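Q: Protein chains in written order, with this note's numbering: chain R, 1 to 326; chain A, 1 to 543; chain F, 1 to 234.
Source of the hints: derived by calculation from the structure; they are not laboratory data. Any given hint could be a false lead.
[To be verified] Partial list, derived from the structure: chain A residues whose beta carbon lies under 7 Å from chain R:
1. H233
2. T311
3. A333
4. L450
Owing to the predicted nature of the structure, the values given are computational and were not obtained by experimental measurement. Note that CB positions come from ideal geometry on N, CA and C, so glycine has one too.
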Amino acid sequence: MQLPLWPEVASAVAADVDHLYIYLTLVSVVMSVLIFTVIFVFAIKYRRRGDEVPEPIHGSLRLEITWSVIPFLVMLTFFWWGAKIFFLNATPPPDSMDVYSVGKQWMWKIQYPGGQREINELHVPIGRPVKITLASEDVIHSFFIPALRIKHDVVPGHYDTMWFTADKPGRYHLFCAEYCGTEHSGMVGWVTVMTPSDYENWLSGGGSGGTMAQQGERLFEQMGCSTCHLLDRQGRGPIMRGVYGSRVQLADGKTVLADDAYIRESILNPNAKIVAGYKPNVMPSFQGQISEEGILQLIVYIKSLAITNAPGAPTAALIQQTGGKQ
Amino acid sequence: MSTVLQDPQTTETPNYLNAEYGWKSWLFTTDHKRIAVLYLISISVMFALGGVFAGLIRMELLTPQGDLVNSDTYNKIFTMHGVVMIFFFLIPSIPATFGNFLVPMMIGAKDLAFPRINLLSWYIYILGALFALAAIVLGGVDTGWTFYTPFSTTYSNTFVITAAVGVFISGFSSILTGLNFIVTVHKMRAPGMTWGRLPLFVWANYATALIQVLGTPVVAITLALVGLERAFHIGIFDPAIGGDPILFQHMFWFYSHPAVYIMILPGMGVISELVTCFSRKGIFGYSFIAGSSLGIAIIGFLVWGHHMFVTGMSMYAGLYFSLLTMLVAVPSAIKVFNWTATMFRGSISYETPMLYAFGFIGLFTIGGLTGLFLGTLGVDVHVTDTYFVVAHFHYVMVGGMVVAYMGALHFWWPKITGRMYPEGWGKFSALLVFVGFNVTFFPQFILGYLGQPRRYHAYAPEFQVLNVMSTAGASILGVAFLIPLIYLLWSLRYGKPAGNNPWGAKGLEWTTQSPPTTFNFDVTPVVTEEAYAYAKHEETHVG
Amino acid sequence: MADTHVVDAEHAHSPHLRHHFDDMHQQFDSDTFGMWVFLLTEIMFFGGMFGAYTVYRSMYPEAFAATSNFMNPAFGAANTAVLIVSSLTMALAVRASHLGQQKLLQWMLVFTMIFGLAFLVIKGFEYHEHWVDMKVPLFPGHWSWTGPEAPPQFAHEAQILFCFYFFMTGFHALHMLVGLGIMTTLLVMARKGTFTPAYYAPVEVSGLYWHFVDIVWIFLFPLLYLIGHTKKLI
Numbered sequence: 001m002q003l004p005l006w007p008e009v010a011s012a013v014a015a016d017v018d019h020l021y022i023y024l025t026l027v028s029v030v031m032s033v034l035i036f037t038v039i040f041v042f043a044i045k046y047r048r049r050g051d052e053v054p055e056p057i058h059g060s061l062r063l064e065i066t067w068s069v070i071p072f073l074v075m076l077t078f079f080w081w082g083a084k085i086f087f088l089n090a091t092p093p094p095d096s097m098d099v100y101s102v103g104k105q106w107m108w109k110i111q112y113p114g115g116q117r118e119i120n121e122l123h124v125p126i127g128r129p130v131k132i133t134l135a136s137e138d139v140i141h142s143f144f145i146p147a148l149r150i151k152h153d154v155v156p157g158h159y160d161t162m163w164f165t166a167d168k169p170g171r172y173h174l175f176c177a178e179y180c181g182t183e184h185s186g187m188v189g190w191v192t193v194m195t196p197s198d199y200e201n202w203l204s205g206g207g208s209g210g211t212m213a214q215q216g217e218r219l220f221e222q223m224g225c226s227t228c229h230l231l232d233r234q235g236r237g238p239i240m241r242g243v244y245g246s247r248v249q250l251a252d253g254k255t256v257l258a259d260d261a262y263i264r265e266s267i268l269n270p271n272a273k274i275v276a277g278y279k280p281n282v283m284p285s286f287q288g289q290i291s292e293e294g295i296l297q298l299i300v301y302i303k304s305l306a307i308t309n310a311p312g313a314p315t316a317a318l319i320q321q322t323g324g325k326q
Numbered sequence: 001m002s003t004v005l006q007d008p009q010t011t012e013t014p015n016y017l018n019a020e021y022g023w024k025s026w027l028f029t030t031d032h033k034r035i036a037v038l039y040l041i042s043i044s045v046m047f048a049l050g051g052v053f054a055g056l057i058r059m060e061l062l063t064p065q066g067d068l069v070n071s072d073t074y075n076k077i078f079t080m081h082g083v084v085m086i087f088f089f090l091i092p093s094i095p096a097t098f099g100n101f102l103v104p105m106m107i108g109a110k111d112l113a114f115p116r117i118n119l120l121s122w123y124i125y126i127l128g129a130l131f132a133l134a135a136i137v138l139g140g141v142d143t144g145w146t147f148y149t150p151f152s153t154t155y156s157n158t159f160v161i162t163a164a165v166g167v168f169i170s171g172f173s174s175i176l177t178g179l180n181f182i183v184t185v186h187k188m189r190a191p192g193m194t195w196g197r198l199p200l201f202v203w204a205n206y207a208t209a210l211i212q213v214l215g216t217p218v219v220a221i222t223l224a225l226v227g228l229e230r231a232f233h234i235g236i237f238d239p240a241i242g243g244d245p246i247l248f249q250h251m252f253w254f255y256s257h258p259a260v261y262i263m264i265l266p267g268m269g270v271i272s273e274l275v276t277c278f279s280r281k282g283i284f285g286y287s288f289i290a291g292s293s294l295g296i297a298i299i300g301f302l303v304w305g306h307h308m309f310v311t312g313m314s315m316y317a318g319l320y321f322s323l324l325t326m327l328v329a330v331p332s333a334i335k336v337f338n339w340t341a342t343m344f345r346g347s348i349s350y351e352t353p354m355l356y357a358f359g360f361i362g363l364f365t366i367g368g369l370t371g372l373f374l375g376t377l378g379v380d381v382h383v384t385d386t387y388f389v390v391a392h393f394h395y396v397m398v399g400g401m402v403v404a405y406m407g408a409l410h411f412w413w414p415k416i417t418g419r420m421y422p423e424g425w426g427k428f429s430a431l432l433v434f435v436g437f438n439v440t441f442f443p444q445f446i447l448g449y450l451g452q453p454r455r456y457h458a459y460a461p462e463f464q465v466l467n468v469m470s471t472a473g474a475s476i477l478g479v480a481f482l483i484p485l486i487y488l489l490w491s492l493r494y495g496k497p498a499g500n501n502p503w504g505a506k507g508l509e510w511t512t513q514s515p516p517t518t519f520n521f522d523v524t525p526v527v528t529e530e531a532y533a534y535a536k537h538e539e540t541h542v543g
Numbered sequence: 001m002a003d004t005h006v007v008d009a010e011h012a013h014s015p016h017l018r019h020h021f022d023d024m025h026q027q028f029d030s031d032t033f034g035m036w037v038f039l040l041t042e043i044m045f046f047g048g049m050f051g052a053y054t055v056y057r058s059m060y061p062e063a064f065a066a067t068s069n070f071m072n073p074a075f076g077a078a079n080t081a082v083l084i085v086s087s088l089t090m091a092l093a094v095r096a097s098h099l100g101q102q103k104l105l106q107w108m109l110v111f112t113m114i115f116g117l118a119f120l121v122i123k124g125f126e127y128h129e130h131w132v133d134m135k136v137p138l139f140p141g142h143w144s145w146t147g148p149e150a151p152p153q154f155a156h157e158a159q160i161l162f163c164f165y166f167f168m169t170g171f172h173a174l175h176m177l178v179g180l181g182i183m184t185t186l187l188v189m190a191r192k193g194t195f196t197p198a199y200y201a202p203v204e205v206s207g208l209y210w211h212f213v214d215i216v217w218i219f220l221f222p223l224l225y226l227i228g229h230t231k232k233l234i
């Protein structure tokens, strides 16, 4: 008979969350036992024996302040520790490994920069920060890995990100945690955490379609982006090389950071932000013509177009970061 | 009902129940006490319906596979369980029944300020309930009681608009009840009944009324927008055309968080009445308990974001909502401490209502403390959307609110019906409720931390043992609620006549006959003593 | 409830006293306070819509400025003037009821209704204009976002704004309609001589309601019609 009472601990953050949870539980148990014991004792000691009418005790300001302030201070420790973890979870380290997960009713479609694709399975190595970019094709989902004590809602219309560093090899549950329709409880899978060597072996299985950057490049050609967006010089549309991560000047004078969200919006709603020197209504919208996974592949491709000495050749660092194998 | 009252064994003195006979005298009544009884019957029916859905959920969850019903049916069942229990049982429960019956009496008034609006509020409730029932009968709704977009606006193929209309309409019932209570408490207190002498049950219902009046319109407009979006295929919450699904959540929770305080505050008011009566002692910290009700009502409007920590809100918003959630816990803690202090050097007896009061304090303490877990950011990321949340809110809603409701039902049953219920069965059921409740819901805390998400039709096999335990508890709980139904109905005919004040309690309602006359008081009372003036030297002549 | 109270010199009271109240003063106090509480709920109701509108406006300021150009401030201004005058006539009606000036009360109620009706008629023309201009996103076939005044990059946001426009003005117009119904009832009662200096609460509370509906419009007009209207487009 299986009776687990505690989830597995697969990361340092998970252990920290567990410590906070135990602290919360201890304080709650102490508090509850205290109150229950006092009530129990009062209920017996002061049980009704006859017709006695007790003296009223109207109150005590001192007591009220004490039992308001002290519990609040204790709660502030909960708040502080919880906030610390929350902040940590909100900022992925700059050298994180990227993985992309698209949720749709009712499956998770995972893509790796190296081109590997999985459904409802995620493979990661221990010891490396992994940043998951989350997108939804339809309704709100939530990407939940109990063993890592993390989850993040996946909201359609924009990207959400979460990150973790796993430190214990194993196979852990992946659940969708935001009700999303008929097969919500079927939108489950497994996260396999592997030693670095096992992970390398798994990676070398490789995606048959090439890396995400290569797939993105193919899409870039197929969808006709290359007719207007040239790599190294101005065409009908802004130049592509080096755009990712740069600050872009818009026609209305504002500047924006060209991140994942910017590129996604430029593909789906190009007239929302017009680059300085260009006109609206020239680039068509590709809404409905490219899947969320396709957009992610294009983003990885565009990201790989770094400014280097040799035109067309990404730097070694970028190759590693985008998981490519060239 | 009328055949029971013509039984020669019952008291024949004129009272509000036998003042007139016939269905017209009930359906067109403006007597707050009769309206309270109409509500009592209606919400009991809705509670039973919600309970049936709960039973089906727990039966399905006996096994890890989804094998009792198919996925769509299961999704409809938990949705309707939530919608019925929250909007058609918990929100009206104590205010519409005991509030309606007692608030005028407790302040020495003949009725609420607007008796016809009171009757209207019941009709509106019934209309809303009919829409909800229609949604069920036509085929159900499967969005979850939270109606999150874009699933509810674009993807669900069920009767979303029908259900939303039902909830929208019932909201007006809640608003009118709140409006009535606010005006009544302000304008119709008997001479000498100052704000500082009001029974705490009145304070609790007053604070609740403030929330009803301020919060409910927001959920009304939110659901109206969802319905309009669904009907006209326009995109307010549709991300594909620039709408924001998270905006829906902000608007929805702006009401729905204060709504949980609508549900619990009246219960807390009941506990203040029970603890004082069964300790035969004035409340410890009157102004703090009254003030904490207002404090909960106000701060309760500022914490809604704690339902949305993992939606991608900014870190700073997360900090703000977490901090305020800690703050809103303080007034609730104050109440628990004050009730305990009231028992100190009291004279405590263990009748059924007091057993429910003990149960409330225990279960609400656990439920409230687990709320702190959820308000703590780092932990919430793990446990939100899991069975931990389900356990938390059932502890406060069932272990708190329903237990308080049962306590109120037993305490004021003699006043409302003129009959005593059988005390032995009362105590037995109270204990059974306590046991059944804990066996049902405590394992769900463990399941939640393990990672079982909520609203899951099928679950990971290693979670089965705890789920079976939970279902076993639910069957005990079901029986524990059925037994009072039987003996309370039995008591209507065979219960001992109660007399004016079987509990020896303070409060203007106990100075009248049981059941009261239609106009409550023959002469408007003049109040000269504080609330809960149990000590002999505090007593002064009332009347 | 049988009305068998004994009316003599000691117990004489207005036939309008509802018997759960001690006296007319308490009844009047309760009636007016009740209406204020109700208006509070209405503020929260409209407030929810205003809140959502504000959120979208701050997300898409230029888009909303562009859509403001499709509103007809002439209609809006006419409506504003009409409503303000109707509030004046309503206030005069309330005063007339205080003073027992029956004829004045009736005429002021009639004028209030005329202006209220005028508001709805002007609104009707306005909605019709939007219908013809294809600016009604609620019905397929009656929405299009083209032309020199309609920057295409704002097509989606414009649809959202027009939805809000119709919902906000629509709910407001609904409240106006209810107000007209209330005025009609008051007029019928006034003609029967129901209102005297001793009993005018229904007029008073209806006045409060009418003023509130007016104030909601005072907020709607600048938000939907004026802000950004003359701003140049890109």
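Q: Identify every previously stated hint that the structure contradicts and give their numbers, smallest first.
A: 1
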